[in-house]
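As you go down the protein sequences, you meet chains A and B in turn.
First residue of the first sequence? That's 1 in this note's numbering, and the numbers climb one at a time after it.
First residue of the second sequence? That's 1001 in this note's numbering, and the numbers climb one at a time after it.
This list has only true hints and no planted wrong ones.
Some chain A residues judged to face chain B by a derived CB distance under 8 Å, without partners named:
1) Glu-14
2) Ser-16
3) Trp-44
4) Leu-83
Listed below are several chain A residues computed to face chain B (Cβ distance under 7 Å; list not exhaustive):
5) Arg-39
6) His-120
7) Glu-122
8) Leu-123
In case anyone wonders, no lab produced these hints; they're calculated from the structure.
Idealized CB from N, CA, C, for every residue including glycine.
As a plain string of letters, each chain reads:
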Amino acid sequence: MFLSGEQVHVLGCEVSEEEFREGFDSSINSQLVYHDLFRDPLNWSKTGEALPGGPLGVLRAMCSRTGPGPVTIALDSLSWLLLHLPCTTVCQTLHALSHQDSRPGDSSPVEHVHVLGLLHGELHGPGPMGTLSALARTEVTLSGTRSQASAHILYRRPQQRPTHETHWFSILSDFGVDLQGVSPLKSQPHPDPLTPPVDPTTHLTFNLHLSKKEKEAKDSLTLPFQFSSEKQQALLCRGLGQATSHIFYEPDAYDDLDQEDPDDDLDI
Amino acid sequence: MFPELNNLLNTSPDSVEQGTLTLLCDAGTDGSFLVHHFLSFYLKANCKVCFVALVQSFSHYNVVGQKLGVSLTSARERGQLVFLEGLKSSVDVVLRAEAEPHPLGFLREAGAGNLQPLYEFVREALEPVDCREAAWRSPVLLVDDLSVLLGLGVGAVAVLDFIHYCRATVCCSLQGSIVALVHDSGDAEDEESDVLLNGLSHQSHLILRAEGLATGFCRDVHGQLRILWRRPSPPTAARRDRSLTFQYKIQDKSVSFFARGMSPAVL
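All chains should be modelled from the sequences, with the hints used to inform the complete structure.
Here you go:
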């Protein structure tokens, strides 16, 4: 972005300006416009130094900004905004930010505004994550460690199918990125025609097959708890003329023969 | 302080790193020995320490401190240590008149709670008042522990904001350090605790994670310590993003560290 001469605005909420600029060389640092929301984002100091309106005010002020050339707004971080502002407010503001060029009745030339937001995935639930994902045209999901990291990129182009790509990279000491390769685009897994499928039932030490007699015996077996019509008849006819079962009870010396219900919870 | 831990972290009371946030985390075990280590370490390093102690009484920390070679009583008397005894002052909040601001004033609030009074207390304690304060080295904020604030009804975002403001003041403006302990309950349903732990992990320069052994209690190995450096400091480039794991045994006056599986009792 810097090489192409774009202007970059950074909304810094997570780290101090010194820490953010550390590691960039002077040419990049001179092109970077840093909005410091780290020192006093919630206006606790009340010294008047805090940016008016807090982070939301700064974002909304950016919505009405028009300058020459394309502009990139980097949000460090989107997680901070999402934790402090309602999700709907953040989404509406982001939409307004990135669609500045499509305002009706505006005679000024169309500027491209790119919004770049850093989101810590594990801090938010699936609702806000899904909403922001739907709002974004490109989604880059990072995982892995510094030496072996992967970036899964999802491109959503209008009126086209989304495409996936996975890049493998490692981060160098000067914050540069060493690309190690790209995984192919997702495709349907097809069976390899050269190797025939292996039959696992060959070369066994026990017999898995049944002979014809054994098959017949197996099919004619009735399962003990299966409810068949014979069982149904046997149950229905039981009540007629069949002796009911008896219970023989010999009370001990200590048994209480009180017929009343002490807990009063039997519904007889 | 534990000399073996100093060696692992490559620090000493003579060369204290400034402007860092160190996150202490314990999962399945008690990580308070790390709090005692850093308390005695920074007192020996001649730093001005503000200790927000919400878990134990002053005498508890003093007794352990004496075993490690520091006297909290004399440190407090000479102005090196500012001690907020949470257990005692929480009673004051309830009995005090409501109009007076108190660092633990959020206990009286019915809502989610705002830790700005606590931040103001820390700022006043650590900001240099006059030239006499220059006798101390960098200021240090020590919190034991942040999970107690969640239990007292403060939201995770409010605790993150408190640490954010402390970072801005203590780490960036005053070039000091912060050490805070957070518990990892491991409970998948405790979202607030997860948000707090993950949010702080992203902001920390050094993470020390004490874990209980997966196999349960052991007499000779009390747990495992994972050390993760996150600060990309150019002078010590080799340390960047390095992670080390050691097992430890807590003794009466020290803690011994050894590589996994290399406990002296086993060898």
